[in-house]
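From first to last, the protein sequence lines stand for chains A and B.
FYI, the numbering for the first sequence is 1 to 307, going by my numbering.
FYI, the numbering for the second sequence is 1 to 237, going by my numbering.
By construction, these hints were calculated from the structure, which means they are not laboratory data.
One should not assume that every hint holds.
Stretches of chain B that chain A covers, calculated by requiring three or more beta carbons in the stretch to come under 8 Å of a beta carbon on chain A [what the hints assert, rightly or not]:
(1) 68-74
(2) 78-88
(3) 96-107
Partial pick of chain B residues on the chain A-facing surface, computed with a CB cut under 8 Å [unchecked claim]:
(4) 51
(5) 54
(6) 91
(7) 92
(8) 139
(9) 154
For each residue, glycine too, the CB sits at the ideal point set by N, CA and C.
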Amino acid sequence: MDIFLQQIINGLTLGCVYAVVALGYTMVYGIIQLINFAHGEVVMIGAMVAFSVIGALMKSGMPPLLVVAIGTAVAVPACVAVAWLMERVAYRPLRTAPRLAPLITAIGISIILQHVAMMIWGRSPISFPQIIKTHNFNVGGALITNIQIAIILISFILMAGLIWLVYRTKLGVAMRATSQRQDIAGLMGIDINRVISATFVIGAALAAVAGVMIGTYYGQTQYTMGELLGLKAFCAAVLGGIGNLGGAVLGGILMGLVEALGTGYIGDLTNNWFGSNYRDVFAFVVLILVLVFRPSGLLGERVGDRA
Amino acid sequence: MPALLNLEKVEVRYGGIRAVKGIDLTVNEGEMACIVGANGAGKTTTLKAVAGLLEPAAGSITYAGKSIAGVRSFALVRQGLALVPEGRGVFGQLTVAENLAMGAYVRDDEHAVAEDRERMLGLFPRLKERYQQSAGTMSGGEQQMLAIARALMSRPRLLLLDEPSMGLAPLIVEKIFETIAAVARTGVTILLVEQNARMALETCQRAYVMESGEITLTGPARDLLDDPQVRAAYLGE
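If we strip away everything but chain A, and leave its shape as in the complex, we get (with noise of 0.2 Å):
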């Protein structure tokens, strides 16, 4: 088996779930300049809904596709509608606060939704229902599964979707232009809250799907599982240049390929003094590297004097 090209496989698979969240952090940060330290949170309610409805409809006998489908259509609008509500009332009301309180708030957000998850479905690992049978396809002596191939087809797609809409609509060029100048555009007649809403909303609809991607693909998921995931979708964002849609693309494809070949080839660089267990790291070595030489990011142009 070819080493190498399996973990290329596994880093774009996993890639593309981090590219996916990483919109989420970058669009927010992108028209009000806040981190949204909740969004791990609304990924991993994506999850988590999306469990529990393909637990209960699994042995309905309807076709297991099917299921899976029903469980992001129901998992999209409950991100969908925590997003909205922690807009409404986290942040709008501090708009105009100093940027250290709506901050500090995202990060109790954080704190709250992942202890109302626990409340509900508990401490422990949940085993994410395999119902979809993996098959395994044979390409140039690497193995890549039906499910990888599906992660990485639909994260191009809402990829696609997400760019169509943020330069090809109405509704995405008055995002736009509300991240430049939110005065302004309220004289063109838009009304920013509204933009700003949809902006969470579109983010957490992302984050939705990709929760129910990452289940699948771990087969597991628990009530912290957002906190890793995003704080790696924060750092690809940021690697790629915060505020960018392509660098969040970039930044979360590219944190996936390093954690995969830097997981798969540790044991024998470091003659087995580290292993694969520090996982974890790669993706931050990477992001601290990366913004020693380059500190706005890999497409990022303007260096922020207010991150």
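Assemble the complex: chain A is given as a structure, and chain B must be docked to it using the hints.
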């Protein structure tokens, strides 16, 4: 002619500072009016209060027979009120095309919007040349033209212009004012705020002179142009 815009005893404060100290001002339908005065006289503040960017502390603002004091700017656009802000305020990272599209944000009549866009590109040929270019890469004069064209895309009944001559070369200023006069001839009511008193008074019909938050002189623009006080204070004679 009926008044389209009427301000009565309008007072605007920034914290404890009274920037506008209870002014009365009227603009009739189809008229072109201006507020002239020195820097810091309260002209821009007045305009911002009308456009819904600032809430007046006291007094009434009536537009088309309705009180609009405190109504937020995005809602006023739908009622036909558009502001070209000081410093132009184009979206630098959006293209000219996208800036114009944002001007028409409140409109759903896509066919008519397309017609208006063609009209704007005819009125400002430079915008046609730079149609797919980022607005931030254009010169100050081009950005001012874009800002005016963008405001017109909402088909305003009342167009508010804040210092359209600011930072522009005299030739460009003349061109901008010709355009504003042409817009006025199409029936759009205009309220203009200017430090360039000569240009404003020569173009407008009615004028207000503002000084430290108060209106000190008002009348037909022609008369003000001949007023020895105005000539000495604002026309540098």
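Structure-based check of each hint:
no. : hint   : result
1   : 68-74  : holds (count 3)
2   : 78-88  : holds (count 4)
3   : 96-107 : holds (count 6)
4   : 51     : holds (7 Å)
5   : 54     : violated (11 Å)
6   : 91     : holds (5 Å)
7   : 92     : holds (7 Å)
8   : 139    : violated (19 Å)
9   : 154    : holds (7 Å)
Comparing the model with each numbered hint stated earlier shows that hints 5 and 8 do not hold.
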